[in-house]
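Chains as they are written, first to last, in the working numbering: chain A, 1 to 427; chain B, 1001 to 1165.
Any given hint might turn out to be false.
Covered stretches of chain A (in silico footprint by chain B; criterion: 3 or more residues with CB under 8 Å from a CB of chain B, positions within the stretch not fixed) [stated by the list, open to error]:
hint : region
1    : 45 to 58
2    : 322 to 330
Once the Cα atoms are required to be at most 30 Å apart in a straight line, the calculated DSS-like pairs of lysine-lysine come out as [said to hold, decoys possible]:
hint : chain 1 : residue 1 : chain 2 : residue 2
3    : B       : K1037     : A       : K79
4    : A       : K162      : A       : K340
5    : A       : K93       : A       : K30
6    : B       : K1037     : B       : K1023
7    : A       : K311      : B       : K1085
8    : A       : K79       : A       : K93
9    : B       : K1023     : A       : K340
10   : A       : K162      : A       : K83
11   : B       : K1030     : A       : K311
12   : B       : K1068     : B       : K1085
13   : A       : K30       : A       : K83
14   : A       : K83       : A       : K93
Just so you know, these hints were derived from the structure itself, not from any lab.
Positions of the beta carbon are idealized from the N, C-alpha and C atoms, including for glycine.
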Amino acid sequence: MILPTPMLLQVADPTVAASTGVFLIATVVKMLAIFTLYMVGVAYTTLAERKISAWIQDRHGPNRVGPWGLLQVAADGVKNIMKEETFPGDVYKPLFLIAPALAFVPAMITWAVIPFAAPWGSPWGRIDMVVADLPIGFLFTLAISSLGVYGITLAGWSSNNKYALLGGLRASAQMISYEIAMGMSTVAVLLLSGNVHMSQIIDQQVATNWNVILLSVAFLLFLVSSFAETNRVPFDLPEAESELIAGYHSEYSAMKFSMFPIAEYANIITASGLMITLFFGGWDIPFTSWDNVGPHTGLKSAITFAFFLLKVVAFVFFFIWIRWTLPRFRYDQLMALGWKIMLPIALLYIVVIASAILALDATGLSRGTVAYQGALFAVNLVLLVLIVFVLDRGRLISPAYSRLERERVARLRLMAQQSDLATSRES
Amino acid sequence: MAINVKVLDRPIADTSYLRATVKGMALTLKHLVDPHKVTVQYPEEKWTLSPRWRGTHRMLTTEDGTAKCVACGLCPTVCPANCIKLVPGEDEEGNRYPLVFEIDEFRCIFCGYCQEVCPEEAIHVGRHYENAEYSRDGFVYDLERLTAQTHPVCEMWDPADPKGE
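When you get a sec, could you build the whole thing from the sequences and use the hints?
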């Protein structure tokens, strides 16, 4: 007896795009899955932060709630929701209420355009493993991620508190400054891929090599900028608890306060996802090519997804590791780094990399060849050496003393010697 | 700028931010993979106290359960914090015993002189540190409380064996 085959299976062709109905169902499923995973990931990043900070400082970290403290996340959530919400006098309530959500939502929306696995040639048609496969993908992330500053600035402004306002102002200044460097650093990526479509950017890296090798300097700039964008140490001046109490969220309580750390961790995960997509080949598994070619089975999607998650976890760990290592910048150092160092380097890098690509293409080399990639890598290596060994001599980030030039030091010494107030200290 | 500011010449390598960053990250990573945890997980783990630890007091008893104290009055005399309250009593056979024996553990400085001076080896400072009470009154230990304590007591310092070996 021949069983009747369902209609959908009969017309299935893995290479064609899915029909509208399948597309809608798949999108809803992807949205739910990614949202759930994202929220759980954000929650557990808070635990990871506490655990890793504890380990770095030779402590144990939270270990009372559940095995190894794994349920700490739930306990924190319950606590924050149960707590009393306070409204200080004269807060501007509409903005005060909406600011925490404004801080969090952009980070989550950005995630929509990040491809997280190889496309699945399902029996019902090809399903792209990205929530919204926007052709303008990267421009979308630039547009949305700039909105994140509104949450923090408005929170600071609506709190009716001078410290909160200062924190909010610092946040806006800092995020706008570093957004420019960030956008400029990614121009090189777009030059190489020739497209702003996230999937195309990954395809380009699959076809040639990861951008972290081809465009190392851009990666360095993007990394530093994303630390500034996520308000993480060493760029956590908006909070700066030693100067501004807690900056923009001093006046918040309960779950509204909790939304700001959640937004911060959401931003970390999103920034990790962006860095992976732009510079670390997205879901690409290195040193193999079987994951990039057909047939696109479900297993292949699952494995590439696991690899993508692994990369995200690695980056989140890196963010946390940096936080518990470095001290905070001074405000003038922060601004000087953003405007005087990062932006010029990014602009210069665009020119260099555009010329390099133009010259290499003119030689007729294929982009997939080792020679092409090696040449690009050599250019980056030279620039990195220049940055590390020439610029990073107390010029990039300088303590106060080293900013005095030699002549100025000599002049000061002379003044000190001639002065009646001078002590007999030998310098 | 003030005239007398001392301007130091730093080696130019010391002003490199990236190198300092890498060095710091190596250090934190070292602690991450090879932690030297010293935290004691208190309710589950506890210290092993030194045999000479001087904590809250304990009054030892004879076999029939009465305190060994003969109310000689040496301990309230020697006590530098004046925390021992002793009212001596005497029974029909002429044996002295304490009518009231109270130690105010808040006043006590845990010097251990009372244990050293006691001729009957009755009063001891204990090897014990979990002393929480719900009221301040609870810290005035009376005779009943002192005899009811069961924790180990402090070993006296022996001049012949100064390190306690």
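Status of the hints after comparison with the structure:
1. With 5 residues carrying a beta carbon less than 8 Å from a beta carbon of chain B, the region 45 to 58 of chain A meets the three-residue requirement, and the given coverage holds.
2. Counting residues of the region 322 to 330 of chain A whose CB falls under 8 Å from any CB of chain B gives 4; the rule of at least 3 is met.
3. Distance restraint check for K1037/B and K79/A: the Cα-Cα separation of roughly 29 Å lies within the 30 Å cut-off, and the hinted pair is therefore satisfied.
4. Distance check on the hinted pair: K162/A and K340/A sit about 29 Å apart at the alpha-carbon level, within 30 Å; holds.
5. Only pairs whose Cα atoms come within 30 Å are accepted, and K93/A paired with K30/A is rejected, the gap being roughly 35 Å.
6. Between K1037/B and K1023/B the CA atoms are separated by roughly 22 Å; this keeps the pair inside 30 Å, and the hint holds.
7. The hinted pair formed by K311/A and K1085/B fails the criterion: a straight-line CA distance of about 70 Å is larger than 30 Å.
8. Taking the CA atoms of K79/A and K93/A, the gap is about 23 Å. The hint holds against a cut of 30 Å.
9. At most 30 Å may separate the alpha-carbon atoms for a hinted pair to count; K1023/B and K340/A meet this at roughly 25 Å.
10. Under the criterion of a C-alpha separation no larger than 30 Å, the hint pairing K162/A with K83/A is consistent with the structure, at around 25 Å.
11. Simply put, K1030/B and K311/A have alpha-carbon atoms about 22 Å apart, close enough for the 30 Å limit, and the pair holds.
12. In summary, the hint linking K1068/B to K1085/B is supported, as the alpha carbons are separated by about 16 Å, within the 30 Å threshold.
13. Note on K30/A and K83/A: the hinted pairing is violated, with a Cα-Cα distance of about 33 Å set against a maximum of 30 Å.
14. About 19 Å separates the Cα atoms of K83/A and K93/A, which keeps this hinted pair within 30 Å; it holds.
Of the hints listed earlier, those the structure fails to meet are numbers 5, 7 and 13, in rising order.
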